[in-house]
Each structure stands twice: as structure tokens, then as C-alpha cells.
Amino acid sequence: MSIANTATLKVSVWRGKARGAFTTYEVPRRESQTVLDVVTYIQRNLEPGLAYRFACRVGMCGSCAMTVNGRARWTCRTHVSKVAIDERLEIAPLANLPVIRDLATDMRDFFDKWARAKGQFKGSLTRYDDFAVVEPESKQRRAASAGIECIGCGVCHASCDVVAWRPDYLGPAALNRAWTLVNDVRDKAQTERLRAVAGDAGCHACHTQGSCNERCPKQIEPTAGIAGLKRLTALAALRGELD
Amino acid sequence: MNAVGEAKRWYWQRISAMVLALCVVVHVAGMIYAVRGGLSAAEILGRTRGNLAFAAFYTTFVLACVVHVPIGLAKIFEEWLSMSRFLAITTSKLFTIMILFLGLRAVYGVYAG
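Same order as they appear, the protein sequences are chains A and B. Using my numbering, you'd call the opening residue of the first sequence number 1194 and step up by one each time. Using my numbering, you'd call the opening residue of the second sequence number 13 and step up by one each time.
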């Protein structure tokens, strides 16, 4: 698509904290322009005080997610041509997270939930042991691989209705992390983890609506992992392992 | 910790859903078959009175509802009506008693009535 040098975008950007308002800026339209390019242009040329977060700009670090025209997206890999409506954009902070200022949200609660879901690997081998052999084609390794590419951007968390209804719900990202570890044959904290992810603030709160699957920029399906956790916790409860 | 309770409620809801899926198919198919050429109360009662298979099938249907419905209702009460967990479970238990009583009363009514 060729874009005339004079074309401009009208961009409404959230300014403030939980309470605030949108301010509209005019930004030159460029070819192959991303939403992050637009925000950066505003910060460098029009509004030096604008708060936002980014690091890698290539879809690896997971720090630049924002709400663009009502949907949570990774802004560095979202082209303006894909999301602008009549050359207009509305950019807001991620939903379901406290706003620090403008487009920057406080991710502490989000990552604390990963810790609560026992998202840490607990191995038992030492440097003196041989490497663990994990068959690449095994069912568990494939299940772990399906969820392992999460970059922790928070898009799924911001898109989940259950997180909005139940602020204590661990959310799709933390549960997806737990699911990858549940399928890690080297991990030795399995019962502890299942105990942590069961319950009405855990996997059992999920309604399988699938917004997380639809919006995950890495095409991960947290809902599938959560369904797996429900099955495993049910089996563990039947065996009396969760008591 | 409610982990065990939630895990158990989940599988009870799953098992009851499987029973309900079967019951609904049999129920709908039965209705379509039964209403060919019109249907009257006398015709229904003629088929159901003293029919043990019929009574057993619908008793199973009612019991599956009794297991399935309250678990989901409690969640709806909590999330949509912002009820406390205690109130949500208590209210859903009242529904359980109502479904059990009205359901079994209806089965008895068409079996023995």
C-alpha cells in the first residue's frame, strides 16, 4: 500500500491514571507503520510526558501490549493498516490491570499470579547427574511446547471476562505457565502445583470462552491448557492427592 | 482451601452433563415421535401411567439436573450477581431442593396420576 506524504492519523491516547481522558494527536501516516511507531512518534514529537512501555520492538519481550481500538494487542507487531478505522486509532492501557500512568500498567499482580500458580520450575537433578531425556514426540513434551512460547504480554489477561469478574482469578497466562510445567517430566512439584491451580480462583473459574485463544499474539491456546488442568486436578482429587 | 471441592464439583458437573446430553436426546426424540398427529393429555397419560421404564428414565433426568444445575447456578450468582460464596451456594441449594421436589413430583404425577 502506498501512502501519500500528507496523510495523517487521528490518534486518541489515554492520559491519566484510572481516571483520565483521551487526548487526540495528529500523527503522520507512514508505510509499514506499527501502532508502537505511532505511540513513539507522539512521545518524541508531541507529548514528551507520555508514559508507555516497550523494549525489543520485535515481538519477543511482551512489554508493549495496549488496548488498540478496544482490543488488547501487542503494538510492536500490529500494523496501523490492520487496525485503523477511517485513519483513526484509539490507544488505551491494558484492561484488568491497574494503570500507573497513561499507557503503562502495573504488571505486578499479573506476575504474582504466575508465582501463585507455582510457575517456577522445581527440578531434582544436580550438575553431577546426567541430562534428563525428554522424548520430543511424547504427548507431554508436545503439550508443553504448545504453551511454552508465551512472552508474558498480558493480552490474554486483559481480554478475559473472568479476570474482570473475579480479580483473584489466576488468569490464562499463569495457568498456561502452570500447564507447561505440569507437562515437564523433570519437574518434581506436581501435586503442589495442582493444589495451587485448583479452586474457584484457579482453573475451575474458567468458562472456556476462549478470548485468550483468540487474542494471544503467539497463537497459544490457554483454554486448552486450562481444560487439561481441570482433568488432572479431577484425577488428583479422586486419588485423594489434593487433600 | 477449596481445591478439592472445586475439582469434585467439576467432575460431577461433567458426569451429570454427559447423562443430561443423553437424556435430552432421548427426550426430544421421544417428543417428536409422540406428537405425530397431535397430542392430548389423555394420550400422554395413557403412555406414562404405570410405565416403569418411563418413570426410571425421567427420574434419572431429574437427578442429573439436581447434580448439574446448582454447580453452575452458584457460579452465576457469584460472578454476575456479586453474591458472596456462602450466599451463592445457599441460594443454589434452595434451587436444588426445588428442582428435586418439582421434578420428582412431576414424574410421580404422570406415572401414578
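Among the hints, erroneous ones may be present.
Residues from chain A that keep clear of chain B, each with C-beta distances beyond 10 Å, as calculated [what the hints assert, rightly or not]: (1) E1219; (2) S1274; (3) D1299; (4) G1316; (5) A1337; (6) I1341; (7) W1358; (8) K1423; (9) T1426; (10) A1430.
In silico BS3-like links for lysine-lysine, alpha-carbon gap of 30 Å or less [said to hold, decoys possible]: (11) B:K105 with A:K1381; (12) A:K1332 with A:K1411; (13) A:K1332 with A:K1381; (14) A:K1411 with A:K1203; (15) A:K1332 with B:K20; (16) B:K20 with A:K1315; (17) A:K1315 with A:K1203; (18) B:K20 with B:K105; (19) A:K1210 with A:K1411.
Here are some, though not all, of the chain B residues that point toward chain A, as calculated from beta-carbon distances under 10 Å [said to hold, decoys possible]: (20) R117; (21) Y120; (22) A124.
Because the hints were derived from the structure by calculation, they are not lab data. Using N, Cα and C, we set each Cβ at its ideal position, and we do this for glycine too.
Hint check results:
A cut-off of 10 Å between C-beta atoms confirms that E1219 of chain A is not in contact with chain B; the least separation is 42 Å. Remark: the non-interface label on S1274 of chain A is consistent with the geometry, its nearest Cβ contact in chain B lying 38 Å away (cut-off 10 Å). Its beta-carbon lying about 24 Å from the closest one in chain B, D1299 of chain A satisfies the requirement of being farther than 10 Å from that chain. The claim that G1316 of chain A lies off the interface holds: its Cβ sits roughly 24 Å from the closest Cβ of chain B, which is beyond the 10 Å cut-off.
Distance check on A1337 of chain A: its Cβ is at least 22 Å (rounded) from any Cβ of chain B, clearing the 10 Å threshold; non-interface status holds. Every CB of chain B is more than 10 Å from the CB of I1341 of chain A (nearest about 25 Å), matching its label as outside the interface. Taking the minimum C-beta to C-beta distance to chain B, about 4 Å, the non-interface status of W1358 of chain A is violated against the 10 Å cut. A beta-carbon of chain B comes within 10 Å of the beta-carbon of K1423 of chain A; the shortest separation is about 6 Å.
The claim that T1426 of chain A is not at the interface with chain B is violated, since a C-beta of that chain comes within 10 Å of its own (minimum 4 Å). Interface exclusion of A1430 of chain A from chain B breaks down, the closest Cβ pair being 4 Å apart, not more than 10 Å. A distance of roughly 39 Å separates the Cα atoms of K105 of chain B and K1381 of chain A; the hinted pair therefore is violated under the 30 Å criterion. A threshold of 30 Å between alpha carbons decides the hint, and for K1332 of chain A with K1411 of chain A the separation of about 21 Å falls inside it, so the pair holds.
Distance check on the hinted pair: K1332 of chain A and K1381 of chain A sit about 18 Å apart at the alpha-carbon level, within 30 Å; holds. With a CA separation close to 29 Å, the supplied pair K1411 of chain A and K1203 of chain A stays within the 30 Å bound. Restraint check for K1332 of chain A and K20 of chain B: satisfied, since their Cα atoms lie roughly 25 Å apart, inside the 30 Å limit. With a C-alpha separation of about 27 Å, the suggested pairing of K20 of chain B with K1315 of chain A holds against the 30 Å cut-off.
Proposed proximity of K1315 of chain A and K1203 of chain A is contradicted: the alpha carbons are some 50 Å apart, above 30 Å. Proximity of K20 of chain B to K105 of chain B is assessed by CA-CA distance (about 17 Å); at most 30 Å being required, the pair is judged to hold. In summary, the hint linking K1210 of chain A to K1411 of chain A is supported, as the alpha carbons are separated by about 29 Å, within the 30 Å threshold. Hint on R117 of chain B is violated. Least Cβ distance to chain A is approximately 33 Å, over the 10 Å limit.
Below 10 Å, beta-carbon pairs count as interface contacts, and Y120 of chain B has none with chain A, the closest being about 34 Å; its hint is therefore violated. The restraint placing A124 of chain B at the interface with chain A is violated, with a minimum CB-CB distance near 38 Å, outside the 10 Å limit.
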